[in-house]
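Undergrad: Fit chain B to the known structure of chain A by using the hints.
There are 2 protein chains.
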Amino acid sequence: MQKENTNLVSREPELHAWTMRMALREAQTAFEQGEVPVGAIIMHHGELIAKAHNQTELLKDPTAHAEMLAITQATSALGDWRLQDCTLYVTKEPCPMCAGAIILARLPLVVWGVDDPKRGGASSVFNILQHPQLNHRSEIIRGVLEDESRILLQRFFRERRNQQTER
Amino acid sequence: MQKENTNLVSREPELHAWTMRMALREAQTAFEQGEVPVGAIIMHHGELIAKAHNQTELLKDPTAHAEMLAITQATSALGDWRLQDCTLYVTKEPCPMCAGAIILARLPLVVWGVDDPKRGGASSVFNILQHPQLNHRSEIIRGVLEDESRILLQRFFRERRNQQTER
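These protein sequences, in sequence, are chains A and B. All residue numbers for the first sequence refer to our numbering, where the first residue is 27 and numbers rise by one. All residue numbers for the second sequence refer to our numbering, where the first residue is 27 and numbers rise by one.
It is worth saying that the hints were derived from the structure and are not from the lab. No false leads were slipped in.
All copies of an identical chain are treated as equivalent in the list; a pair is satisfied when it fits inside any one copy or across any two copies.
Here are the simulated SDA-like pairs of lysine to any residue, each with C-alpha atoms no more than 20 angstroms apart in a straight line:
1) K144 / Q156
2) K86 / Q110
3) K144 / H157
4) K144 / E172
5) K86 / Q59
6) K144 / Q180
Small disclaimer: the values here were computed from a predicted structure and weren't measured.
With the rest of the complex left out, here is chain A:
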C-alpha cells in the first residue's frame, strides 16, 4: 500500500504535465483562430469533463475566456454548479473574472502554466483564489509547462504586432 501511494505521488507531476498538454492543444486551436491562445481543461476523478479555448473574438464576448467556458461545460456535465473533486488546468494564470468564477464553482485545485504579472487575479495582482475573507479557497500549482504556454502567447502577440505594422 505504502509503495502504491508513493508511486501515485511521484507520478503526479507527470499527470499534471500530461493534462496541461491537452490544455496547450486547446490554446493552439485558439491561436489558429486568431484568439489569444489560452486553453483550459477540467478533470473529475481522472476523467475529462470539459475542454475549451478562448473565444472572445469569435463570440464578440469578453466573458468567453477558456476557463469560463470550461466551468460552464463542467457544471453541465456534472449537473451541479459545485465542481467538487475537480481540477482545472489552464495555460495562463486566471484573470480576476475567471478567478472569481473558480471560487464560485468551489474548484479545489487549479493548475496553471505561465503567470500573468500584469493582470493575474489568482495571485499576481489579486489574491482571489486564496483570500481569507471569501467562502472558498483553491489550492494552486503554477509553472506546469510554463515555457510552452509563454512561447505560444509571445508568438501570438508578436505576429499580431507585425500584422498591424504591415497594414
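TA: Okay, now just chain B, sitting in the frame of chain A:
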C-alpha cells in the same frame, strides 16, 4: 444651452433611480424563481440593451450572475465586446467575477444598490473596478435604491433559513 445642461445634470439621480427600478424588477423575478435576488440592466445612450437576473440555480451554473448575463446580452446587441458608452445598473455590488468581466468589457460606469461587505469585488473586498494596474477603470455610483435592494435580499435569505428549519 446652459440651462438645458443643468437640467440634465439635476435629472441624473432621478434617471439612475428610474433605471435601478427596472433592475429591481429583475431581482424580484429572481426572487420568485428561488434565485438569490439580484438584477442588472445595461443602457446605451439612453436605450435599454440588456436586462437579466441571477439564474445560477436554474442553469446550475455559478457563472450565471445577473451582470454576466447582461454583459453577454449587451455585447450581442451591439455586436462588439467593448461596451463603451454603456452604463451597468445592478442591485448589489458586483462580486470579483463580475467586476473582472466589467473591466474586460470596458464599461465606463457602474451603478449599484447595496454594498457587499463580505464578497464585493468592486470596492468592498477587492478594488477591481478602479485598480491602477489594470488597463481599464470604471466610474462607480453606489447606494441607488440601496434599501429596496437590501430588503429584498434579506427577505430571500430569511425565508430560505425558515424553509431549511422546517425541513
